[in-house]
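Given next are the chains, with one letter for each unit.
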Amino acid sequence: MTSKNTNDIGSVNVEPAEMEMRGVYASFGPGKEVLDNVSFKVGKGLFTCLCGPSGSGKSTIVNLLAGYMPIDIGECLIEGKPAGKPGKDRLVVFQETALLPWKTLWENTIYGPMVQGKDLMEIADKAEYLINLVGLTGFEDRYPNQLSGGMQRRAELIRALINEPKVLLMDEPFRGLDAMTREIMQEYVTKIFEETSVSILFITAELEEAIFLGDKVYFLTARPARIKKEMDIDLPRPRKFDHLASQKFLDLQREAIKTVDEESQRAFSVLLKGEQRR
Amino acid sequence: MEVTKPSHENATVYRKYSAFQRISRKSYQGVFNTSNLRGILSLAAALLLWQVFSKYKIPPLALVPTPHEVLQEAIRFVPTRTFWWSVIFSSGRIFVGFFTGCLLGIPLGIFMGWKRHVKNVAFPVYELVRPVPLLSWVPLSVLMFPLTEVSIVFLLFLAAFYPIVINTILGVENLPASYVNGALSLGSKPIDILWHVIIPGALPSIFTGMALSIGFEWVACVAAEMLAGGFGLGYTIWEAYVFSIYPRIIFCMFAIGLSGYLFGAVVRAVGSQMTRWRQIY
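Chains as they are written, first to last, in the numbering used here: chain F, 1 to 278; chain X, 1 to 281.
Straight line, CA to CA, 30 Å or less: simulated DSSO-like cross-link-like pairs of lysine-lysine: (1) K115(X) - K88(F); (2) K228(F) - K32(F); (3) K44(F) - K189(X).
If you are wondering where the hints come from, they were derived from the structure by calculation, not from laboratory data. If you're wondering where the values come from, they're calculated on a predicted model, not measured in any experiment.
With the sequences and hints as input, model every part of the structure.
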């Protein structure tokens with residue numbers, strides 16, 4: 001990174017935690033089974049990616065972890081304890097922006113601590129530090145619809161980070177961004193992760209993105225989703241875009257593509273069988 | 001890495017955009033620009049057509065007074081006390097009806113949109129009563145309230161209440177779930193959700209309901225005054241009809257149109273001031 005972000009004001013102190021999903025089944029009714037015995041772990045201070053085809057129930061996993069949906073079978077644990085209701089220990093960065101359009105960037109950033117009744121001076125320092133960290137200084141008084149897509153996603157990131165969550169749940173946060181903005185965003189997320197060491201669960205449909213960002217990648221099957229494979233990514237940190245061309249990255253990518261290919265072949269044959277039966 | 005300073009790049013784009021805006025504003029400057037002239041032209045044509053039709057007794061305007069007669073009547077009628085009392089009475093009734101409609105309709109709509117069980121209880125009754133035409137309430141409201149004034153205001157309350165409630169419900173229900181979920185995760189209490197998410201989010205829709213209801217208010221007001229009498233612009237129209245002062249009827253119609261427009265303009269202005277975040281780009 002050549003953009004300089006000297007952080008002499010404030011900082012966030014994140015205490016990363018471990019989060020786990022154990023034996024979870026989910027269904028929206030007969031024939032609409034979504035999750036089939038899904039178990040995985042978001043390691044403490046690790047960047048965990050969940051990679052699966054679209055419509056495989058990735059968002060359901062986030063909704064369950066965040067506590068927006070009740071769990072019928074199985075459990076979600078944070079630091080070994082049931083996660084329960086939505087709380088600021090695990091925050092979600094949404095697919096579509098969830099910034100409040102009637103609040104400025106600044107008001108959106110400090111929203112969490114404000115409703116929790118935190119000390120305003122302390123919040124202001126942190127907000128300033130974070131806004132600087134993601135390169136949004138000077139845009140504090142803009143409303144979300146005055147910001148570009150990439151800027152909105154960054155604002156969303158720091159709106160979560162200012163609460164010093166133990167785990168950050170990112171539900172396809174770069175979906176719908178153009179390739180260039182996506183690259184910039186990947187860089188920012190890497191930077192934030194490496195500076196704060198917050199535990200991140202990053203959900204994506206893109207193989208390359210998952211391997212480039214993650215310490216560990218879980219691959220999901222098509223619906224109903226099961227964990228197909230887990231892969232440890234031992235690319236060195238800090239991650240650089242040069243790594244995309246390294247032999248190691250290519251090997252990992254080849255292995256992952258094989259897994260995904262098997263899965264799509266299987267999904268396709270299941271589809272064909274269904275057609276024949278009809 | 002080539003792209004390193006996204007914020008600066010975006011700042012340039014923004015500056016460029018506002019320059020475009022400045023250009024487009026410039027071409028629409030002046031009172032007598034092309035689009036305003038077209039409007040004036042069409043108004044003049046309409047007046048001319050009216051004058052010709054009623055002067056040469058061409059149906060359906062054969063018995064209708066000419067614009068000139070209406071203007072003369074206006075000059076005669078505007079300075080009178082009757083006219084101003086009529087305006088004050090009608091406006092006052094509408095204001096009270098509109099205000100009470102908002103006072104009850106907005107909170108009810110918000111809770112019906114927000115809490116499923118409130119909607120389950122209240123919506124069937126609302127939805128059953130809503131299709132009943134407003135004017136069919138006139139006899140009942142006269143029976144229900146001993147004072148004529150109260151029964152007229154009750155009608156005007158109903159006229160405001162329905163559109164405000166339904167638009168408020170829609171405004172709350174159309175808010176993306178991620179706004180509420182996100183705010184919940186960030187530690188919001190129910191009162192924070194209401195104050196920071198639900199109300200500001202539903203505000204544009206609430207104001208749409210209010211602007212709509214202003215239209216219904218004048219319809220109901222004129223009808224109620226014609227039937228239940230007393231004072232007011234609607235009553236003045238009826239009186240003028242009975243005493244065959246036809247130019248006055250048309251003048252009062254214009255007065256009602258203008259008042260309705262002014263009321264609507266005030267509501268729209270307040271609305272756009274309160275939802276400024278929507279206009280800024």
